[in-house]
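Protein chains: 2
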Amino acid sequence: MDIVRTVADLRTRVSAWRGTGETVGLVPTMGGIHEGHLALVRAAGERFDRTVATLFVNPKQFAPGEDFGAYPRDEEGDAGRLDAEGVDLLFVPPESVMYPEAHATRVEVADLGSILEGAFRPDFFTGVATVVAKLLLQVLPDAALFGEKDFQQLRVVQRMVLDLDVPVEIVGVPTVREPDGLAFSSRNLYLSAPEREIAPALFATLSAVAEAVRAGADPEWRERWAESELVSAGFDSVDYVAVRDGATLGRYLGPYAAGQGPGRVLAAARLGKARLIDNVAL
Amino acid sequence: MDIVRTVADLRTRVSAWRGTGETVGLVPTMGGIHEGHLALVRAAGERFDRTVATLFVNPKQFAPGEDFGAYPRDEEGDAGRLDAEGVDLLFVPPESVMYPEAHATRVEVADLGSILEGAFRPDFFTGVATVVAKLLLQVLPDAALFGEKDFQQLRVVQRMVLDLDVPVEIVGVPTVREPDGLAFSSRNLYLSAPEREIAPALFATLSAVAEAVRAGADPEWRERWAESELVSAGFDSVDYVAVRDGATLGRYLGPYAAGQGPGRVLAAARLGKARLIDNVAL
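Listed in order, the protein sequences are those of chains R and D. Quick note, in numbering that gives the first Met the number 0, the first sequence goes up one by one and the last residue is 281. Quick note, in numbering that gives the first Met the number 0, the second sequence goes up one by one and the last residue is 281.
Some chain R residues flagged as far from chain D (calculated, every beta-carbon gap over 12 Å):
| id | residue |
| --- | --- |
| 1 | VAL3 |
| 2 | ALA42 |
| 3 | GLY44 |
| 4 | ASP48 |
| 5 | GLU65 |
| 6 | GLU75 |
| 7 | GLU147 |
| 8 | ARG176 |
| 9 | ASN187 |
| 10 | ALA209 |
| 11 | GLU210 |
| 12 | GLU228 |
| 13 | VAL237 |
| 14 | TYR239 |
| 15 | ARG274 |
| 16 | ALA280 |
Quick list of simulated restraints, FRET-style, between CB atoms:
| id | chain 1 | residue 1 | chain 2 | residue 2 | range |
| --- | --- | --- | --- | --- | --- |
| 17 | R | PHE67 | D | ASP235 | 47 to 53 Å |
| 18 | D | GLY64 | R | GLU74 | 49 to 55 Å |
| 19 | R | ASP82 | D | ALA246 | 39 to 45 Å |
Interface residues of chain R toward chain D, partial, derived using beta-carbon atoms under 10 Å:
| id | residue |
| --- | --- |
| 20 | VAL6 |
| 21 | TYR98 |
| 22 | ALA103 |
| 23 | GLU107 |
| 24 | THR125 |
| 25 | THR129 |
| 26 | ALA132 |
To be clear, the hints were calculated from the coordinates, so they are not data collected in a lab. We treat Cβ as the ideally placed atom computed from N, Cα and C, and that holds for glycine.
Chain R extracted, bound-state conformation:
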């Protein structure tokens, strides 16, 4: 696996593959590589001739006071894990390459980017949409793969790509979980040992909401129930638990029914230094 740090070097390498007819899959990451990222790399390897990964902790998707400084950074370890999984090329741009001094352009996805996560992290999805637009246009792969763990991010990226006619397919890959159900996340590193025991309650609670709503329970009532359940389990606070349409992330009108299309139960909750998010299919 080669590592490149400039857009020119990146494009030279990708163009050479394209010139011989090889297909390219892209796996964007902020590092902190875990089993979830490796599942994306494996999925890319199954569908495409070449896999490009990127490693960039994007400052524009962190607000002041969030964990930009604390976010796990271990280029050597991350590169080793990606290499072992079959990544062909790793792009590690310095911040000066991604955001030179006069950089002034923002990509904003209205509505979808301002609800749920966006309501608690107002500039988050604009930061995500901007950096993903850049990465897609720097690499111009056939497809880019994103984990369903960040479900709203997946939908925001899909919307942005559709809206701007970015000629790249966006592929969602199912969440990878620890044996006890906790979704792999770079931020699990922030959990103390006792908090790590509490954390699987998030997936368990969302699964219970999904099962109840599928069985006919009122979504809003179950959202409230889940919030108190998470606090009882030991979470410090709950930002949201939301039963939503899986395509638009809009609220269901009335009780969930098979006719409403596939749904999703999404949540964010705080536990010690970590803010954990997760979601399950309805």
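Assemble the complex: chain R is given as a structure, and chain D must be docked to it using the hints.
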């Protein structure tokens, strides 16, 4: 010249050219084709094997109360003029192709997009940056050509393309003028015969400002002089006359001097139903 109306048809045609190694230049237009557009087409024809033009009156760059409804629309006439000048392919997307119902993504260029024209038309450059991003990614040409007549637009598009790593070169083409100096513009059609007599005062006044500032006159003083000069000439009102750095469109610090880099004098003024803009090199 063929006309296509879907992105799929557009891409099929452009891919076929690319497949045989032909280069492609793009000329985006809102119709109302005049000599200025034809100069863009000629410039594209000199540099690229194939020229694609687009015709789309972009609703997102008009505010309520602006001239979206009145903007000249004559697809047949425009297509004839572009065909005669050597355009190979004309893309005329319906609004439903450019902005399907759920469209939610905006491309915003901060600072550069909010000064001068942006101060008087707050959503204008976001509308421009969004539609140009789409057109560039729909066509993926080698280059796109824009008139210097819309000088701030040219700078906004260049900034956006650089910031998002859109792999397309942006080429500025000098303004084309009537013999009396009036810049060709689709909006000149709004001028009555007496107003048409007054209109060349815009170019004459900007040229006088440029000459005076080059000779050492104070830029701010000359801006004020030009505003009163335009009103004396018969303009109804002046939105701005501005002596600016030609790259950033920022103000000069202190008097203009050769060491400050190439400058630009830009203006917008109202005359009857028309709002005319123009600019000259310093």
